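**Student:** Top line first, the protein sequences correspond to chains Z and U. One rule links them: number in our numbering = place in the first sequence (from 1) + 4. One rule links them: number in our numbering = place in the second sequence (from 1) + 227.
Just so you know, these hints were derived from the structure itself, not from any lab. Warning: the hint list may mix true and false statements.
Unchecked claim - Pair by pair, the computed Cβ-Cβ distance ranges are:
id, chain 1, residue 1, chain 2, residue 2, range
1, Z, 644, U, 298, 18 to 26 Å
2, Z, 654, U, 312, 24 to 32 Å
3, Z, 609, U, 250, 22 to 30 Å
What the hints assert, rightly or not - If you want the footprint, here are the derived chain U segments under chain Z, 3+ residues with CB under 8 Å:
id, region
4, 243 to 250
5, 319 to 325
Since the model is a prediction, treat every value here as computed from it, not as a measurement. Idealized CB from N, CA, C, for every residue including glycine.
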Amino acid sequence: MYDWLVIAIPVLPLVAVLLNGLVGSRYSHDVAGRLASGSVGLSFACALAVFANQLQGRGAHEVVAYRWIFGGDLNINLAFLIDPLTCIMLLVVTGVGFLIHLYSIGYMHGEEGFTRFFTYMNLFMVSMLLLVMGNNYVVLFIGWEGVGLCSYLLIGYYYDKVSAAKAATKAFVVNRIGDAGFLLAIFLVFYNFGTLDYTQVFAKAGALSPQMATAIALCLLVGAVGKSAQIPLYTWLPDAMEGPTPVSALIHAATMVTAGVYMIVRNHVLYDMAPVAMTTVAVVGGCTALFAATIGLVQTDIKRVLAYSTVSQLGYMFLGCGIGAYTAAIFHLMTHAFFKALLFLSAGSVIHALGGEQDIRKMGGLKKKIPVTHAVFLIGTLAIAGIFPFAGFWSKDEIMAHAFVHHHYGLYAMAATGALLTSFYMFRLTYLTFYGPSRMDHHTEAHVHESPWIMLGPLVVLAGLSLSGGFPGVPPENGWFHHFLHPSVAAGVAEDHGGSLELIIGLMGAATVIALIGWGVAHYLYSVDPETADQWAAKSPATYATLLNKYYVDEIYDFLIVEPIKALGRAWDWFDKTIIDGLVRGVAELTERGAWLSTWIEKHVVYAGLNVIGYANHLTARTWRRLQSGQVHHYAAIIVAGLFILVHLAYIWWTTGMVGFGVALR
Amino acid sequence: MVPLSAYVAVSAILFATGLVGVLIRRNFIIVLMSVEIMLNAANINLVAFSHYLESMTGQIVALFVIAIAAGEAAVGLAIIIVVFRGKISTNVDEMNLLKW
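Bound-form chain Z, shown alone:
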C-alpha cells in the first residue's frame, strides 16, 4: 500500500501528460488545466502521506517500481529511495508545483497552446520527481535529462519568437556541458563501485581513494554547475526568462535549478571525502552569489533581476554545501523555493496587469492599483532580503553563520556582501515597480487590473510560506528541520554545532543590519531622492555599463567559444561541401563517363559482333530453309536418297568385313 503510494507520486502527473498530450485537443482548456493541476495536487497529497509516514520514524525506504536492467553484475532498477531528504524535495516540488499549476490556469488563460503548456509542465513534474526520488544515478540522470528537456521546451514555448528559440537552444547546449560532466561522474562511480545504487555506493565509499573521490565529486560538480546555473555556466538562466512566467517560477527558480544542490547533498558522502572538491563548491558558490548579485543591481527587466537573484541564491546554497552545511543548503533551497516562486509569480501578476510589460523603468506607482500583488511581492522581497523573521532570514543567515563559525571568513565576506546587494536590488525592484510616480503610458495605465483569484490564491499561500517557512529551522542548527533531515546528511563531517549562542545571535544581528542597510540605500535612492541613482550611474559610466552588460560574459563566451566553434563549423561545412562533396561528385562523374563509354562499347562493338553472328545465321537460314519446301514429295525423295546412301554404305561395310567405320566397332 505504502509502496503504491510512493509509485503514485510520479505516475499521477505522467497520466496527465499522456492524457493531455495525446487527446488533449479533444477537450476544452478548462479540462486540461484542471487535469494537470489535479494530478499534481494528488501527487502532493501522496507526498504528504509519505511525509507523514517518514515523520513516524519509518527511516529510509526503497521501492522498486520496475526491474529495468538486470543480468550479470549489472542491476539497475526504476526504484525510489524515500528518506527525509527526498521527502523535503517531494514536498517542495509537488507543493510549489501544485500552486504554480493553479496559478498557470489563470496566467496562461486564452494562450495559444494551453494544453501543450500543461503537458510540458506535467512532464517536467514527472522528471523532477524521478530526479529527487530515484535510488540510483541512472534514475537521477533520467530525471536530470527530463527536466532539461522540459526546460528547453518551455523556454521555447513561444517558439515563433526568435529570442525564445535562441534562449531555449542556449539553455540546452549549456546544460549539455554540465551533463557531460555528470555522465562522466556516473561512469566513474560505476567503474569504482560496480553499482549505481546510492545505498551501496555510499556504503562502499570508504574504500575509495581521495583522488578518485575528488575526481567524482568534481565531475558531479560540473553537472551541478550546469543545471544550477553557477559560474561559469550560469549564462543560460537569465536568457531562460523568455519562457512564460510560471515556467520561470517553477523550473528556473523553485525546482529544476536546485537539482544541482540536491545532487551534491545526496552525494555528500563522496564530497566529505574530497576536501578539494568541497572548497571548489564553496568558492564557486560564493563567487556566483556575489557576482550575480552585482549584475542584478542594474538590470531593468523585472524577470531578469529575479533571474540573477536566483543565480545568486543558488550560489548561497552551493556555498552552504561547500562548507558542509548540507542541512542549511537544503533549508535555503526550500525557503528559496517559496519566496522565489512567490516573487516570480507576483512579477507575473504585475506583467499580467500591465499587459506584458516587463521593463521596470516603465512601471511605478502600482501599489494602489494592484494591492494584493504588491503585498505578496513585498513579503517575497522581505523574505529574500533576509529581514527578520521571514523565511530567507533564517536559511541565509544559517549558511552565513556556518561559514563564519567555521572560519571561512573570506566566504562569509562574499556572502555578506552578496546579502547587502541582494537586499538593495530587491528593494530597488520593489520601489521601482510599486512606488513612486507612474512611468506607464496612458494606454497601459488605463488597463491595469488586479489578477483573478486563481492567480492570487497561490500567491497568498506562497506568501504565507515565505513568512513562516523559516520556522521549522528555528533555532538555527538545532531546529525541527535539522533533526528531521539528520539521517540523510548524518555523515557530514562539518555538521557539528559550533559557535556560542552569543556569536549566533550576533551574526543574526549583523545579517539583519546588512539587510536593513541595503533596504535603506534602496529607499534613499529610489524613494527619497531618485536623482541620486542616475548621478551615481553617470559618475562611473564604465562600471555601470559593465554591470548593465552583465560583465560582457555572454560576449566573451561568444568570442572565445561560440564564434570559434561556429567558425570551425563553417570550416567543416566548407570541407564537406568542397572536399567530401567534390570527391563524391568526382566519383559520380567517373561513373557517369564509364557508363557512357560502356554504353558506347556495347552499342558499337558488342552489338555489332552479335549482329554479324545474327546476320550470318539469317543468311544461312535463308539459303537452307529452301530445303523445307512443304512439298511432301521432296521430303520423300530425300528420305529415299538417304536410304540409298545408307544401304550402300551398309553394303560396303558388310562386304569389306566391316572396315572403314572406325576401330571401336570391331
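Put chain U on the given structure of chain Z with help from the hints.
**Tutor:** Chain U alone, transformed into the frame defined by chain Z:
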C-alpha cells in the same frame, strides 16, 4: 516349294512400285494407296520370313501392320476430305503450307 528369294523379290518389286508411286504421283489418294502398297510389301516380307524361320512373331507383326494401315488409311482419308473442302483439290503439290 516357292523359295524365299521369290517372296523377297515380289516384296521388293511391290515396295519399289509403292515408292515410285509416292514420289511421282500428284494425287493425294494415289499417294496414300502407294503407301499401302509399301506397307503390304513389308507384310509379305514379314510373313515370308516368319514361315522361313518357323517363328510366329513375323505373322503377328504383319497383323499389327494391317491394323495400323487401316487406321492410317482412315486418318489419311479424313485429312484428304478436310483439305479437299478447303482447296477443292487433291493435288499434293498444292499442299505446301508446312514450310518455313
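**Student:** Please go over all the hints and tell whether each is borne out by the structure.
**Tutor:** We went through each hint and held it up to the structure:
1. 644(Z) / 298(U): 18 to 26 Å: holds, 24 Å
2. 654(Z) / 312(U): 24 to 32 Å: With Cβ atoms ~44 Å apart, the hint is violated.
3. 609(Z) / 250(U): 22 to 30 Å: Between residue 609(Z) and residue 250(U), where Cβ atoms are some 51 Å apart, the hint is violated.
4. 243 to 250: Coverage by chain Z holds for the region 243 to 250 of chain U (3 residues, Cβ < 8 Å).
5. 319 to 325: holds (count 6)
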